[in-house]
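K.L.:
So the chains spell out like this:
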Amino acid sequence: MSSIKIELRKEDVDKINEICDSFDNEPLELINILHKTQEHFGYLPAEIQEATASKLNIPVAQVYGVVTFYSFFTMTPRGRHPISICMGTACYVRGAEKVLDEFKKELAIQVGQTTADGKFSLSSLRCVGACGLAPVVLIGEKTYGRVAPDDVQDILKEYQ
Amino acid sequence: MHLLVCGGTSCRASESALIAESLKRELEEKGLGNEVQVVMTGCFGLCEKGPVVKVMPDNTFYVQVRPEDAAAIVAEHVIKGKPVQRLLYVNPSNGEHVSGSGQMGSFRKQIRIALRNCGFINPENIDEYIAREGYAAIGKCVTEYTAADVIGIIKKSGLRGRGGAGFPTGLKWEIASKNQSYQKYVVCNADEGDPGAFMDRSVLEGDPHSVLEAMAICGYAIGASKGLIYIRAEYPLAIKRLKIAITQAREYGLLGNNILGSDFSFDIDLRYGAGAFVCGEETALIHSMEGMRGEPTNKPPFPAESGFMGKPSNVNNVETFASVPVIINKGWEWFSSIGTEKSKGTKVFALAGKINNVGLIEVPMGITLREIIFEIGGGIKNGKRFKAVQTGGPSGGCLTEHHLDTPIDFDNLVAAGSMMGSGGMIVMDEDDCMVSIAKFFLEFTVEESCGKCAPCRIGNKRIYELLTHITKGNGTLADLDRLRNMCNVIKDTSLCGLGQTSPNPVLSTMDNFMDEYIAHVTDKRCPAGSCRDLMKYTIIEEKCVGCTACARGCPVNAISGERKELHFIDQKKCIKCGACFERCKFSAVLIN
Amino acid sequence: MRGRMTMETIKLTIDNKQIEVEKGTTILSAARRMGIDIPTLCHMKLEDLNIENKPGGCRICVVEVQGRRNLSPACITKCDEGAVVRTHTPRVMNARRTVMEFILSDHPKDCLICPKSGNCDLQDMAIRLGIREIPGQEIAEMSTYRKDTSPSIIRDPDKCIMCRRCEMMCNEVQTVGALSAVNRGFMAVVAPAFEQNLEYSPCTYCGQCVAVCPTGALTEVDHTGDVLRAIADPSKTVVVQTAPAVRAALGEEFGMKPGTLVTGKLVSALKELGFDYVFDTDFAADLTIMEEGTELLTRLGKFLNGDRDANIPILTSCCPGWVNFFEHNFPDLKDVPSTAKSPQQMFGAIAKSYFAEKINVSRKDMVVVSIMPCLAKKYESQRPEFSVDGNPDVDFSISTRELAHFIRQANIDFNNLPDADFDRPLGESTGAGVIFGNTGGVIEAAVRTAYELFTGKKLSRLDFDELRGMEGVRQATIDFDGFPLNIGIAHGLGNARKLLDEVRAGRSKFHAIEVMACPGGCIGGGGQPLHHGDSSILKARARAIYEEDKNKPIRVSHENPYIIQLYKEFLGEPNAEKAHHLLHTYYFDKKAKIIVKQ
Amino acid sequence: MEKLKSLTDLEKVRAETQAKLDLRARAGSPEAVVQVRVAMATCGIASGARPVMDFFVDELDKRGISAVVTQTGCMGYCYAEPTVEVQLPGQEPVVYGFVNTKRADEIIEKYIRNGELVEGIIPVNYEKID
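Residue numbers (our numbering), protein chains in the order written: chain W, 1 to 160; chain E, 1001 to 1592; chain S, 2001 to 2598; chain B, 3001 to 3130.
The following block holds chain W by itself, in its conformation from the complex (with noise of 0.2 angstroms):
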């Protein structure tokens, strides 16, 4: 009950006002609004909700809660080279999953980590929709195709 400060930057007070007045402060938009903040940001960490929160005029509880409902938001940032493992079903019965232990021993770190030097993170996704290359691997924008795991090690250099 203790009176809430956050501190932001006024540029990105300013950038947090200006996606929300596109969307003309509309609480119905949140989910939106939400999209074009972590594109900006790259991530909705406590002090952004916050801001988004009082300049709707909406409980940052209630952010929060749609924030941590949808995996597509994140409150960490993702790594330089964000790693994304298609754990659909044609990519899985292809042995995804092999592929996916891989990259977390190799980076020794687990799905939705960063590593310590901010270079990679890892998460798996749903179907991109391109089981024809199952197993598929995306890194940033680059798209692997037919990924085994003694591929792994290889690729990694690719960003060395």
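Simulated crosslink set (EDC-like; lysine to aspartate or glutamate; CA at most 16 angstroms straight-line):
#1 Lys3102(B) x Glu3119(B)
#2 Lys2591(S) x Glu47(W)
#3 Lys2593(S) x Asp12(W)
#4 Lys1299(E) x Asp2080(S)
#5 Lys2591(S) x Glu7(W)
#6 Lys2364(S) x Asp2389(S)
#7 Lys2011(S) x Glu2081(S)
#8 Lys1381(E) x Asp1429(E)
#9 Lys1024(E) x Glu3119(B)
#10 Lys3005(B) x Asp1263(E)
#11 Lys2458(S) x Glu2559(S)
#12 Lys2593(S) x Asp14(W)
#13 Lys3012(B) x Glu1133(E)
What the hints contain is simulated information worked out from the structure, not anything from laboratory work.
Go by the hints and put chains E, S and B onto chain W.
P.N.:
Chains E, S and B in isolation, oriented as in the chain W frame:
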């Protein structure tokens, strides 16, 4: 002149390479090597009649060709221009030989209705859509038909929702049309989330206008002026093309006020999903569109009564909408002539898994799994044995050999313990452990459950844990009873469709592959050899030469043995990583 | 109200018995009307208060409806014509049991040492369904979360069963928005933003979440140990005050009928417990009326003289949950509420000055304990502005529930205690002080005094029925001898928000507004014996309060002889300097702030 | 773009576009061109369709072949992505699978220039409805 020889996997297995060689040899001998070329092609989708040879440009089609037939084809057809009668395809309906592939439509297994423009038109060019009768259907509706007429056509066409349970589309529209309100909404569910399904994405990327047009038709029918497309944020290309399409349609006045000079006005906006499978459920989808957590609510009230912003809303999925304009253009009689008695038209499937021709296919309802898998799909990859096909994604079940000849439609799939779902079709072979497959789907459900109701939130987690327990070799027969009971209760008591169907992958694998479950719990054995914890690595005495490669490669030093002597794996230490198996050059490591 | 018209009715069969109900009735209420008690867990309905929680989430109330593929939740399924419903078939019983096993498999099993033990809806349900084992518990992971202790409320989210009652109270009824469902699936739970402590949320500590929590996930901070130690300390003089609503509810904890007044036994028990002086917060309520009433008349005078800055309407300020609420949500209006402290704090201030001097005890050797129906009082007593050199005016505030525990622990046979009287001077009160416990009571008490002071005439009647009742927002105009005084009343913070929005917009027609954070007022406070969703309990307590008022020989605050004496001996005049110093306070802007970094 | 205010307006756009497309495809017509359609759905792009499309655009231009290269949606042959459909004037379109820049070069030189079919054709395996 070209001779096309099918080089698809299953034709290749039946000597298509030899056929091509023979043809080339015959042509060389006749001095025609330069004029007639022999070309290997991809699969014709006719594997059962393979190998096939097609003669271009006259499109003659030969089936079940043998290398020794090459001489006849060259001598008769190439030189004399007379088709070799005995090799022609026989139309099964009348027993006649068919020569041209143009007359062979009947043996092509696929009909493209929802996908009619995908791969033909430039999706970013509205003129190309219009050139293929685009927006003629909405034109027809606003000028010739009343709203009731349109609903009548859709009802009579027999179109059922392609998103899952197959609710009759016309009926849905009718209910929404009867609920009076100054504002109603047409919602397109493009939150395709089944792992292994991508047909909606393909339609939106390849033919976005067909969805826009259909939504307008629906709006006209139910009396809505506003459409919303709820689309996954993970589909950036589809979003981009939809935005372009909406802009172009607005520029032409095909969206907006007074469409084509009529009194009817309709416009469409996009709403983005944010990665929650449960938002495919229509009440959850509506809450998500309202900026809230995508938790479903009890039905009734249905969205047709109280949907987006509490207003009557009609929700259909992408593929359903994509089928609508053609029905208006070509008539309900045409549409309802395709398919089975209770399931009309076609269904798009995303065929994937252990199959040769992974792809997006559209087939008439009533086709058999055998035709899909062994003809269109080109059979099982690497010549393995077919084991099961999973349809309906996490809500569906596994179908087996017994179901291969069952005509596929909404009701037959449900009767077989699966469902149509959105149309993912994952083929599995002998190496796939069905307990693990069930576990895979439950892991997905656990991840995607919204958490609102107890059976889905906790029950699915408990099923997942028990399946894990079983795949680790710790299960008992009593656990199987408990598993089944939990599944039945979750189905019976969950709040929304996600929970009500989530145990299906377990129940259907239990129904069809009980022996595998029993092998896991009583013999502590995984028949498919895929459950790592149940694998046992041993060294075959007769084959081991004592090279020490396995021992050196073992990450946990579980292998002992002197050089040139028999090695031994300590089962207590073994972590079943398989390194020894991979390293042994003498196939002396046995997995069982 | 709608006129009497023929309701469309529906006939259906439940457990082979026919019933006819109004269209729209749920299976649950139809069944209950027939005496079929379908068990529920998440569902909660407070009749007449317009409060209902029906997420349909727990699935305990499922029943079989002929022709439906799946079982239906009785709480949200409306009756259909001709429906055939069965509530205890093997299929239903198995489903109910299995679902209950699921819920329990993700719930800690420390019932023996849980603060809710014996008073827990989940425990009762496990007993009712005869759960004897939880199959698979040995391989079942439990969802666990960080615990949180605030000045008033303890959260143990491990025990949350996602019934959503607290979320509904916090958001829909109170519009506080401190709690929300967060996460998804197995890890879904109700929590403040970022799963942080309530202290860093807009929580008002109204305690309505605690009042409705069916498990031990939300409980009060227990201060009885501190009180016990203070009593045992011979160097301390321990003074206790007890709030009006406590006497109308405490009996329930000892098996008495709701609405039983236990004032005399309460005093006896407190004496048995060893408090040196047993006083009544009602005394301080009378004092509040003197101060607040005077403030009202002063502002009204200015207002009637055309002063637009007179801060009319005046808002009551006795409810600490409400004070927290406007500090968070309406800081721009912080000059509008009365500056009068709450009765609890007035009592503390007077006890540690006037009374301490009287008995010659130094401030630091006096411990003031309050028995409150309220959890926000715990926080209020800890506000720094209510202390002198770090010594709080009220040392400990314990709830009605804590007091009941305390009495039991002290081996006191409450039911057979003789009645006793409060000590003097701070134990004497009027009927006006008593009715502070009900919604509308503060303003009624204020009207009784203000009328006589404003008009100089005696009231011909003391019961203002137009100010009473359970409607969330009420209004009345009282004729102040020709001047129509417009009064607004809200209980439940969501209702208060409606009135405050009008004040903010300058559209309010009221001269005075009473706000109580809790539905029903203090009798429905977050520290009261749990009502378990039965609103008839709240209504019985309200009746008891009015009954106590009726039985009091003096029923207007300014006639309380000890109040008169207090002003004469110590304070001087209401709102005068000393009174102002001791009995008035100021408010803070607690809205979340964004600090811009350069 | 002009707003289409009636069915007649719509029909006009349809007829004009269709005529244009027909002219492109008709052998001997003054506007006859080679038409290359690259399947550019997510799966195609993921498999490398974009560089293939760029290759066709650049190389056909460089090699002086009058052609129209457009993108289109998924053709359904996911196993054979990237897929490209080539239509020579007056001929049935032919779909090639597994097209990389090397195979694109072969398609230009052999098929587009000389009409010789190249290995890797994907036969049409479905019925059209028009």
